[in-house]
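Starting from the structure of chain A, add chain B where the hints point.
Line order of the protein sequences matches chains A and B.
Everything in the first sequence is counted per numbering that gives the first Met the number 0, starting at 0 for the first residue and increasing by one.
Everything in the second sequence is counted per numbering that gives the first Met the number 0, starting at 0 for the first residue and increasing by one.
Because the hints were derived from the structure by calculation, they are not lab data.
Don't take each hint at face value.
To be verified - Covered by chain B, according to a simulated footprint, are these stretches of chain A (three or more residues, beta-carbon under 8 angstroms):
(1) 100 to 106
(2) 129 to 141
(3) 248 to 258
(4) 290 to 297
What the hints assert, rightly or not - Far from chain A, by Cβ distances over 12 angstroms, these chain B residues were calculated:
(5) Glu40
(6) Ala71
(7) Pro218
Stated by the list, open to error - Beta-carbon label-pair distances, calculated as ranges:
(8) B:Ile214 / A:Gly201: 48 to 56 angstroms
(9) A:Arg189 / B:Thr38: 27 to 35 angstroms
(10) B:Pro218 / A:Glu192: 52 to 60 angstroms
(11) A:Asp155 / B:Pro197: 23 to 31 angstroms
(12) B:Ala71 / A:Phe160: 45 to 53 angstroms
(13) A:Pro220 / B:Ser160: 21 to 29 angstroms
(14) A:Val150 / B:Gln198: 49 to 57 angstroms
(15) B:Thr5 / A:Pro279: 32 to 40 angstroms
(16) A:Arg189 / B:Arg179: 30 to 38 angstroms
For each residue, glycine too, the CB sits at the ideal point set by N, CA and C.
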Amino acid sequence: MNTLRVHEPGLLTTVQDLGRVGFGPLGVSPSGAADHAALRLGNRLVANDEGTAALEMTLVGGVFSVDSDTTIAMTGSDFGAALDGFYVPPWTSVRVRSGAMLRVGPTRTGARAYLCVHGGISVEPFLGSASTHVMTGLGGFQGRSLRQGDVLAIGDTTQPFRKRNVARRALERLAPRKTIRVTAGEQIDRFPENSRRALVEGTYRVLEQSNRMGIRLDGPPIPSNLGAEMITEGVSLGSIQVPAGGLPIILFVEQQTTGGYPKIANVISADIASVGQLRPRDDVRFQLVDIAAARTAWAEDERILTARETIFEQ
Amino acid sequence: MTSAATYQAASDRSLMVRFGDTISLEIHQRVRALLALLTAEPVDGVYNLQPGYTSLLITFDPLQRDHRELEAVVRSYVERMDAVQLPAARRVEIPVCYGGEFGPDLLDVAKLHGITSEEVIRLHSSAAYLVYFIGFVPGFAYLGGLPEAIATPRLPEPRWSIHPGSVGIAGRQTGVYPVRTPAGWRLIGRTPLQLFSPQRETMNLLSIGDEVRFIPISPDEFTEQSSA
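Extracted from the complex, chain A is given alone in its bound form (with noise of 0.2 angstroms):
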């Protein structure tokens, strides 16, 4: 078995993939990777199905090593990588001795890096997926983040290193948006028009208390006229709800499967990614577009991640 060390953790880092569907009756969320478009675009990069496991980084990366010559690359923020001392560029693959230490650092651009290595990551899988949920400690790497002195398994590295790089046009057309597109949330009808106004208006700052459950907002209060708390009912991916305090928050990858505040929009499915990128203190505005634009920006997307001449080798 072809091992990965951790001789630095990093601040959070998990196992992650594109996460667990179809749970939602069981109160399991996907949970999976924040970025999803550099997770697929790592993956690739590395000869894998778009989906295998990876590690995902927030903010500041850790040390790693393999015990075996293998292929990885590095991929969603800029975390200035480092092999050996040699600056490791995002988006592209390299070839990495038994041994060499890579050192991931702190992020030069936004929230989350991916480390894609051949063959993936192999935990053992929960519900059909490798992907940590860190709220609840399940799935992953012993369902929690990973410690300096862990040992994780790796695939098959008897693949030949072949070089691959991320066509630029379609690193520009995917790059994080500080704009976020949203479609009207199912209660917007009991917001007054000057929350609603607001929310495409005004530019929100992310907070501190922001994570894989959600990200927590602070700018100009929207609240709703609803006194009383809803009904509990399903929330999707990207929900904006907003407590009675008036503060949104993006309900996010690990999020609760039920709620019961109002929602005044949701995330674009081709924006998810984007929110995934969003660091503490960055701001944020929001853009309101129709469903049709909406599912126009996602068959964009994906004709992209998915698109042949979007990876080409040298």
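Using the frame of chain A, we list chain B on its own:
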């Protein structure tokens, strides 16, 4: 009498189906019937079904179909719901050690209603509750049927973390926290049972439609049953 369902786009990949806006057994059974039908005869492209008190949230692949197409399919399911036979309710008993360190809010709940702690325990453990759905976190059952006399609002400030097995009250609801989470419900006791266990074949102790009763136990019995 059957209420008409309403359909609304919840996001660019989810459709909300609502059967009403009040919590009732009749509406709950319609939610369950649609859930059962969509589970027995899955619709292509649909990948998650999330029941609530009066609603079912359907998540789907937007590249396979759009909201209008999905709504048409779901309408045809709703028309066939009357033929769905729901299984008889399972009865589940949950032992609870009330008060003390297990139920830090028991005294406050009693005080708020001007009754004794013993009376709160008697009322809470005398009712039969219905599992309306599982939601929030793995294995959390939303139980309806709490006696009005002990209905109590949530805490003004949620606790950061609680013990798994904690039994709480929020309005006319009661429930048992399966995992360590932040929690805004008033905690009146704790069960030694595991509501959620990923190692168990049936991970969740409770399922939608179950009938639940709480059985008071002593701290000694709690310890005994915890190690069992």
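Going through the hints against the structure:
For the stretch 100 to 106 of chain A, the stated coverage by chain B is not satisfied: 0 residues place a CB nearer than 8 angstroms to a CB of that chain, which falls below the threshold of 3. Beta-carbon proximity to chain B at under 8 angstroms applies to 4 residues in the stretch 129 to 141 of chain A; the threshold of 3 is reached and the given coverage holds. Using a Cβ-Cβ cut-off of 8 angstroms, 4 residues of the stretch 248 to 258 of chain A lie near chain B, which meets the minimum of three, so the contact claim holds. Here's how the stretch 290 to 297 of chain A fares: 4 of its residues keep a CB closer than 8 angstroms to some CB of chain B, so the rule of at least three is met and the hint holds.
In this structure Glu40 of chain B is separated from chain A by more than 12 angstroms, as the shortest Cβ-Cβ distance comes to about 15 angstroms. Distance to chain A confirms Ala71 of chain B as a non-interface residue, since its nearest Cβ pair spans about 16 angstroms, more than 12 angstroms. Every CB of chain A lies more than 12 angstroms from the CB of Pro218 of chain B, the least distance being 27 angstroms, so the non-interface label holds. At roughly 52 angstroms, the beta carbons of Ile214 of chain B and Gly201 of chain A sit within the given window of 48 to 56 angstroms.
At about 31 angstroms, the CB distance of Arg189 of chain A to Thr38 of chain B agrees with the hint of 27 to 35 angstroms. Pro218 of chain B and Glu192 of chain A have their C-beta atoms about 56 angstroms apart, which keeps the hinted 52 to 60 angstroms range intact. For the pair Asp155 of chain A and Pro197 of chain B, the beta carbons lie near 28 angstroms from each other, so the given range of 23 to 31 angstroms is met. Ala71 of chain B and Phe160 of chain A have their C-beta atoms about 51 angstroms apart, which keeps the hinted 45 to 53 angstroms range intact.
For the hinted restraint 21 to 29 angstroms between Pro220 of chain A and Ser160 of chain B, the CB-CB distance of approximately 27 angstroms keeps it satisfied. Judged by the Cβ atoms, the range 49 to 57 angstroms given for Val150 of chain A and Gln198 of chain B is violated: they are separated by roughly 23 angstroms. Checked against the hint of 32 to 40 angstroms, the C-beta distance between Thr5 of chain B and Pro279 of chain A comes to roughly 39 angstroms, which is consistent with it. Taking the beta carbon of each, Arg189 of chain A and Arg179 of chain B are about 33 angstroms apart, inside 30 to 38 angstroms as hinted.
Of the numbered hints stated above, those contradicted by the structure are hints 1, 14, listed in ascending order.
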